[in-house]
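Here is what each chain is made of, one letter per residue.
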Amino acid sequence: MDKNLDRLNVYASRLISQKEYFVPGHRACQGCAEALALRLVAKALGRNNVIASATGCMEIVSSPLPLTSWNVPWIHVAFENAAAVASGIEAGLKVLMRKGRIPPKRINVMAMAGDGGTSDIGLQALSGAMERGHDFIYVCFDNEAYMNTGIQRSSSTPFGASTTTSPAGSVVPGQTTWKKNMPEIAVAHNIPYVATACSSYPFDLMEKVKKAAAIEGPAYIHILSVCPTGWRLPPQMAIHAGRLAVETGMFPLYEVEQGRYHLNIDLSELRPIEEYLKIQGRFRHLTPEMIEQIQQRVGEEYEKLKKKVRMTNEGQE
Amino acid sequence: MAKPEHEITWKELNVGCVIDEPGNAAAYRTGDWRSQRPVYNKDRCIRCGTCYIFCPDMAIKILADGYIEHDLYYCKGCGICVEECPTDAITMVDEEE
Ligand SMILES: Cc1ncc(C[n+]2csc(CCOP(=O)(O)OP(=O)(O)O)c2C)c(N)n1
Ligand code: SF4
Ligand code: SF4
Ligand code: SF4
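Sequence lines, in order, name chains S and E.
Residue numbers for the first sequence follow the working numbering, so the first one is 23 and each next one is one higher.
Residue numbers for the second sequence follow the working numbering, so the first one is 904 and each next one is one higher.
Simulated from the structure, these hints should not be mistaken for laboratory data.
Some hints could be false.
As the list claims (entries may be wrong) - Here are the simulated BS3-like pairs of lysine-lysine, each with C-alpha atoms no more than 25 angstroms apart in a straight line:
| # | chain 1 | residue 1 | chain 2 | residue 2 |
| --- | --- | --- | --- | --- |
| 1 | S | K41 | E | K945 |
| 2 | E | K964 | S | K232 |
| 3 | S | K41 | E | K964 |
Use the sequences and the hints to build the structure in full.
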C-alpha cells in the first residue's frame, strides 16, 4: 500500500473548502498533529459553530491574549467543565431562538479538551452532559498525556509510555496501567454517535465530524492526536505515527451509531506493534517481554471490538 | 492587531478578556521558528493536495491551477509536507541567516 492510504481519491484534498476557521499564527509545536486535528475539525464544522474549550495545549496555543486563532465564537473555560459550559450554550441558544431573540437556525455547539481534560478531570461534566442529552459534539484530542504542563501521565497514557510522572527507570518501566477506554465510556451512555478518528486520516475525520454535527443529541469523537514533543518523535513523522497506530491495531478507527459498531478500517492482519513503538522515544526502554505483553493486549482488544461489530450488526444486513 | 502584544497593558483589554477581532493571531509570524525550509519542485508535483491537507500550520496554499505555494510567514519547518508528498516534490534545506 502506498504511504497515504486514506486518500479515497488522490485528489480529494483539492475538493474540500480552503476556508480555515482555526487560523495560522497559532503557537503549537512544529509538526503538532493535535493542531492539525483541530484545524480539520474546525474546517468540517464551518461557520455556524460555538466552541467551549477546556485548558490544554489547544487552548494555550490558540488564545494568547490579546490574540486569537479563532474565526468562530470560542470560549476558554476551566479545566473540568467544557461539557457543562457547552450544555449551557446549547440550552441558551435554544431559549433565545424560542423567544425570537435570534433567528432560528442550526448552530452547532462543540466542547473540546485534551485527554486529561476528558478522561480524568472533565469526565464528570461530560458524563452529565451526555446523560442529559444535550445536542452537542464533544471532541477529545488525545495526545496521551497532560502535554501542556510538561508531559504528565493521564489515564489515557498507554501502558509502558515514559512521561515525567511515569518515568522509565530501573524499577518501574514507565506507565504501569492500561489506557482508559474513553470511547467505550461514551458508548455506555447510549448516546446516538461515538467515533474514533486520527488526523492521519483527514477525510475520515472530517466525515465523522460532519456526521456528529448533523445528528440530534450528544456525539462524542475521540481523536488520536500525535504529539511529537511528548512522544519523542521527529516532527515530520507525526502523520506516519498516526497511521501506524491505526494499522497496528493500537488505535482502531470505528464508529458506534445508535449502538451499532462499524470498523472504518477493517484490517485482516495487524502490523506488528513494534513498528509503532520503536519510532517513539517514550517507548525506547521497552523490553521484548513488555512489547509482547502489549502485542497480546492489542490483539485481544481488537478481537473484542470485532466481536462487537458482529454482535451489533447481526441480522441487520 | 493595532500594537505589538508586549506593548499592550491590562487597561486596554476588554472586560472579561474578550477578544473582538476574529482570527487576529494571523498577524503572528510563526515562520521565525524555522531552522529548515521546504523547497518546492513544481515539475515533480502531481497537484494532489496531500501536503496541503496535512500541514498543521495552514502554511500551504493550493493555487488556482492546482499547484501549491508555501507561506513562509507561517511555515514552522516541521517537514510533514516533505514526508507525506507522494512524489518527493518538496525537500528540506537548512535556513541560513
Ligand atoms: C484545575 C486545574 N488543574 C490544573 C491546571 C493546569 N493545567 C493546564 S493545562 C493542563 C494539562 C492539559 O492536559 P490535557 O487535557 O491532556 O491536554 P493537552 O495539553 O495534552 O492537549 C494542566 C494540568 C488547570 N488549568 N486547572
Ligand atoms: S506539546 Fe504536543 S500537543 Fe502540545 S502543542 Fe506541542 S506537539 Fe502539540
Ligand atoms: S514544513 Fe510543516 S509547517 Fe512548513 S509547510 Fe510543510 S507541513 Fe507546513
Ligand atoms: S503533496 Fe507533493 S505532489 Fe501533492 S500537491 Fe503537494 S507537492 Fe504536489
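### Query
Given the hint that K41/S pairs with K945/E, does the C-alpha gap stay at or below 25 angstroms?
holds (24 angstroms)
### Query
For the pair supplied as a hint, K964/E and K232/S, is the alpha-carbon distance within the 25 angstroms limit?
Given that 25 angstroms is the threshold and the Cα spacing comes to 23 angstroms, the pair holds.
### Message
Given the hinted pair K41/S and K964/E, is their Cα-Cα distance within 25 angstroms?
### Response
holds (11 angstroms)
Checked against the numbered hints above, the structure breaks none of them.
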